[in-house]
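**Q** Chains as they are written, first to last, in the numbering used here: chain A, 1 to 815; chain B, 1001 to 1119.
If you're looking for bench data, these hints aren't it; they were derived computationally from the structure.
For each residue, glycine too, the CB sits at the ideal point set by N, CA and C.
Be a bit skeptical, because a hint or two may be false.
[Unchecked claim] Incomplete in silico selection of chain A near chain B, CB under 10 Å:
id	residue
1	Thr515
2	Ser544
3	Lys803
[Unchecked claim] So these bits of chain A aren't anywhere near chain B, every CB distance computed over 12 Å:
id	residue
4	Arg85
5	Gly95
6	Gln262
7	Val592
[What the hints assert, rightly or not] Here are the simulated lysine to aspartate or glutamate pairs, EDC-like style, with alpha carbons at most 20 Å apart:
id	chain 1	residue 1	chain 2	residue 2
8	A	Lys670	A	Glu745
9	A	Lys428	B	Asp1084
10	A	Lys542	B	Asp1037
11	A	Lys436	B	Glu1085
12	B	Lys1081	A	Asp443
13	A	Lys542	B	Asp1038
14	A	Lys803	A	Asp558
15	A	Lys514	B	Asp1037
16	A	Lys479	A	Asp443
17	A	Lys769	A	Glu739
18	B	Lys1050	B	Asp1084
19	A	Lys428	B	Glu1085
20	A	Lys295	A	Asp306
21	A	Lys295	A	Asp260
22	A	Lys379	A	Glu355
23	A	Lys514	B	Asp1061
24	B	Lys1017	A	Asp540
25	A	Lys752	A	Asp491
26	A	Lys479	A	Asp442
27	B	Lys1089	A	Asp807
28	A	Lys542	B	Asp1014
29	A	Lys295	A	Glu18
30	A	Lys88	A	Asp267
31	A	Lys381	A	Asp357
32	B	Lys1017	A	Glu506
33	A	Lys141	A	Glu218
34	A	Lys803	B	Asp1014
35	A	Lys94	A	Glu36
36	B	Lys1081	A	Asp442
37	B	Lys1050	A	Asp558
38	A	Lys752	A	Asp710
39	B	Lys1008	A	Asp807
40	A	Lys299	A	Glu29
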Amino acid sequence: MQKLVVIGAGMASGRVLEHLFETDAQAYEVTLFNAEPRGNYNRIMLSPVLSGEKSYAEIVTHDDDWYAEHKVTCRFGEKVLSVDRTRKVVVGEKGEVPYDKLIIATGSTPFIVPVEGRDLPGVIAYRDLDDTNTMIEASGKPGTQAVVIGGGLLGLEAAAGLRLRGMEVTVVHLSGHLMERQLDEAAGYLLRKDLERRGINVVTRGSTQRIVGTDKVEGVELADGTVLPASLVVMAVGIRPSVQIAKEAGLDVGRAITVDAQMQTSDPDIYAVGECVEFEGTLFGLVAPLYEQAKVLAKALLGEADTFVVKELSTKLKVTGCDLFSAGDFAEAEGREEIVLRDPTQGVYRRLVIENDRLVGAVMYGDTGDANWFFDLMKNKTPVAEMRETLIFGQSYQGGAPLDPMAAVAALPDDAEICGCNGVCKGKITSTINEKGLTSLDDVRAHTKASSSCGTCTGLVEQLMALTLGGAFNPNAVKPMCGCTDLGHGDVRRLIRAKELKSIPEVMQELEWKTSCGCAKCRPALNYYLISDWPGEYQDDKQSRFINERVHANIQKDGTYSVVPRMWGGMTSAKELRAIADVVEKFDIPSVKCTGGARIDMLGVKKEDLPAVWADLNAAGMVSGAAYGKALRTVKSCVGSDWCRFGTQDSTGLGMRIEKFMWGSWTPGKVKMAVSGCPRNCAEATCKDVGVICTEAGYEIHFAGAAGLDIKGTEILTQVKTEDEAFEMIVALVQLYREQGHYLERIYKWLKRVGMDSIKEAIVENAEKRRHYFERFAESQDIYRRDPWAERATGGVASHEFKPMADITFKEAAE
Amino acid sequence: MTTPAWYKIGLVTDIPKRGARCLNTPLGRVAVFRTADDRVFAMEDRCPHKGGPLSQGIVHDRSVTCPLHNAVISLESGEMKGPDEGTVKTFAIRIDAQSQTIEISFDAVAAEPFVEAAE
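Can you make the complete structure from the sequences, with help from the hints?
**A** Spelled out as structure tokens, the structure:
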């Protein structure tokens, strides 16, 4: 059996032994020297030991039993004096050990700043368990102060640990920002803020002049004359490879012990591993490459071929709650591009550096969830061109609602669902945009289906397009209504009025429609505009309405329909409920459910049953709830002063009054309302298209809320004293929206487009205009406020809808 | 079957312009469309995308837009338009010029002209 001597029981040599014993436990008889009086422990876990999050016992890698099991002769606490290469012996303090193969794993020693006072008691480095114990001991005295010199990885971990142990800690750092080797300025700034929040004082550009004290350390004096009092000074400014033994033995040593790709030194029987080696000019301080070296070295010892290569390194700070990650080279340089994502509200910063289509550097702060993914891209040198635009958003997104919607969209992972209707995720959209070179929303809709159904995700899709296409996407360019025209909704509405166009064919002719009879997008829009602008004159074109508005029920996925009768203000009665129950039983309706708008939905009604269902509901006094339309939907209310001990006004009464006046009106998008009887807002009026909050003083009129895919609180239009004023104000507001809104544009989007000032000017500030809008609404209601169910149930309107044209059996062939 | 069988289903005016009606047939529901220029087309009442009832869609030019997810289908070929792929089975239709009676065949080639009188 060959003799293997190892100098240094650190993490690298420990790993060598593990590999060695795993592969061939009988190959070597091992002697292990260690200057520290203990075996191998996980040095990088000293920070948690310092902070008290772990105990020493928990970080021991190899205990006595392990060494015994593998018959390792341990010479712990014994320094190696020299290596005699001619006799092939290692000379320890307690005697010589012959070797066939030798591993030098002497690691590194902390760099001590050569200033006056550096030898005073209380000045320590942060390197091993003894240093850690010294710090723990020092922190035991309450109110003591510590200065950590060096704001790098180690120094900050020491500072955080000492702070957690209750000391007052100041970090003195020479550079302009913390961890300058791993972080850029922005991330360094965030880190500093985080540390300061934890009570750690940070001095950057702080140059240590001398260490003050007579018998023991009393403070640190900086170049600018500041004296920071301290009973403990931790030097954490860097490490130096420990190469003395190797040097004295005559091995090739540059900055550290020079090794080849098999970790062999200039002497074929001597290997070196860990922080004490230099390979192709590179030194190593992080654990990952050391483990790689260990693997290669173990194989070399067993005569197997393997090669050590320098890979990208990454750094994570082991300070609980400080999430930072850095990897690779992130200096700015010619030919490099960077992608930066900042989210100040979440304290998130990400920066990626790309060179020759490869990710070469990454700095992340605050959200390092995608660190491994980025690191993989770097390690594997994956080309990033295809994901270039979405790269920075990584793979995961962690909660929260950042203020900047672009950042929120940006941070969504690729598998995040964008279009709930069609189940389209972000990755699908962005990749399709890139692959197909899509530039317009219509294209994206056509190719991905995203935003082609309810349209509530249109904003998100547009943001994704902006993110994906950058400058190539201009959402402010006039968006044509559809492929049939180059005109946008605004122009079409304006021209319909200016040219007095009063039918769809007229509009298409005069405005030079490119198709003969439009499409499923423009026809419903034109039909609405004409209804809104020419009430009474324009004949509603049912074939230009979406099926739901054509048959006054909601089509379901299986082609059946759902039916929702109105319940004024959310109030109902035994009679109505009984009628609903009877209808459900009579027509064998499979599902009955309460809607979010305080009424009852009957789902799964067969189309041919609709007229009969309506007839029965009509008989009990109920009318269509328009739950299917771009129309007034519900007016939710609370019980207000009728019942509630907090109610200030008759909110139910106002809700019913509004609903009874406004039902049957068509609007650009659906209109949902609510009236709450007090600021407790049980009717949830502050997320509605129009909402009222009653107070002792009167009525607060809200509008432009959203509670769908977009969530937005309402904005206050005005406050009025009487119910009549509130009523007029609300009706006028909706009429203004009816006249200005683009088809399918909800009130909050309309507000965003036209601005609050113009709305207030028309509705609040000018009583005459307000009256005028109110009256126009009332005129329109004279024509449109009629129950579409009654017309169809008993009036014979559109009867063709509900009957098949023919029933064919093959026997009745014409011939 | 050597000669195609034709079935009377009604008059052109039974279908609203730019609209559709349904037929119940042993092959399932069939949608019969009438365009703005009074052409009549028939196809399965089933969108290739998610099975939506095409008869309930909006008819424009020689196309219909499915009411469920806005797939656009050519009434002439039954093929989905735009980037989507999928075809709806179409059926031959002929109209008696005098009476405006519509006939459908489930075995004739869709291209067969409708000039021939039914009887």
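**Q** Take a quick look at whether lysine 295/A and aspartate 260/A sit within 20 Å of each other, Cα to Cα.
**A** holds (14 Å)
**Q** Are lysine 514/A and aspartate 1037/B close enough, with their CA atoms no more than 20 Å apart?
**A** Within the cut-off at roughly 17 Å; holds.
**Q** With a cut-off of 20 Å on the C-alpha distance, tell me whether lysine 428/A and glutamate 1085/B pass.
**A** holds (17 Å)
**Q** Hey, lysine 542/A versus aspartate 1038/B, does the alpha-carbon distance stay inside 20 Å?
**A** Distance ~17 Å between lysine 542/A and aspartate 1038/B Cα, so the pair holds.
**Q** Does aspartate 710/A lie within 20 Å of lysine 752/A when you go C-alpha to C-alpha?
**A** Distance of about 13 Å is within 20 Å: holds.
**Q** Below or equal to 20 Å on CA atoms is what counts here, so check lysine 514/A against aspartate 1061/B.
**A** Holds. Lysine 514/A to aspartate 1061/B sits at ~11 Å (cutoff 20 Å).
**Q** Would you check the hint for lysine 88/A and aspartate 267/A, treating anything up to 20 Å between C-alpha atoms as holding?
**A** Holds, because 11 Å separates the two Cα atoms, which is no more than 20 Å.
**Q** Decide if the proposed pair is consistent with the structure: lysine 1081/B and aspartate 442/A, CA atoms, cutoff 20 Å inclusive.
**A** At roughly 14 Å apart (the allowed maximum being 20 Å), aspartate 442/A and lysine 1081/B satisfy the hint.
**Q** Could you check that no beta carbon of chain B comes within 12 Å of the beta carbon of arginine 85/A?
**A** Holds, because the least Cβ-Cβ distance between arginine 85/A and chain B comes to about 74 Å, which exceeds 12 Å.
**Q** A cut-off of 12 Å on Cβ-Cβ distance, and glutamine 262/A was said to be off the interface with chain B. Does that hold?
**A** Its Cβ never comes within 12 Å of chain B, the nearest being 56 Å, so this holds.
**Q** When you check the alpha-carbon spacing of lysine 1008/B and aspartate 807/A, does it fall within 20 Å?
**A** holds (10 Å)
**Q** Minimum C-beta separation from glycine 95/A to chain B exceeding 12 Å: can you confirm that?
**A** Since the minimum Cβ distance to chain B is about 82 Å, glycine 95/A lies beyond 12 Å and the statement holds.
Checked against the numbered hints given earlier, this structure breaks none of them.
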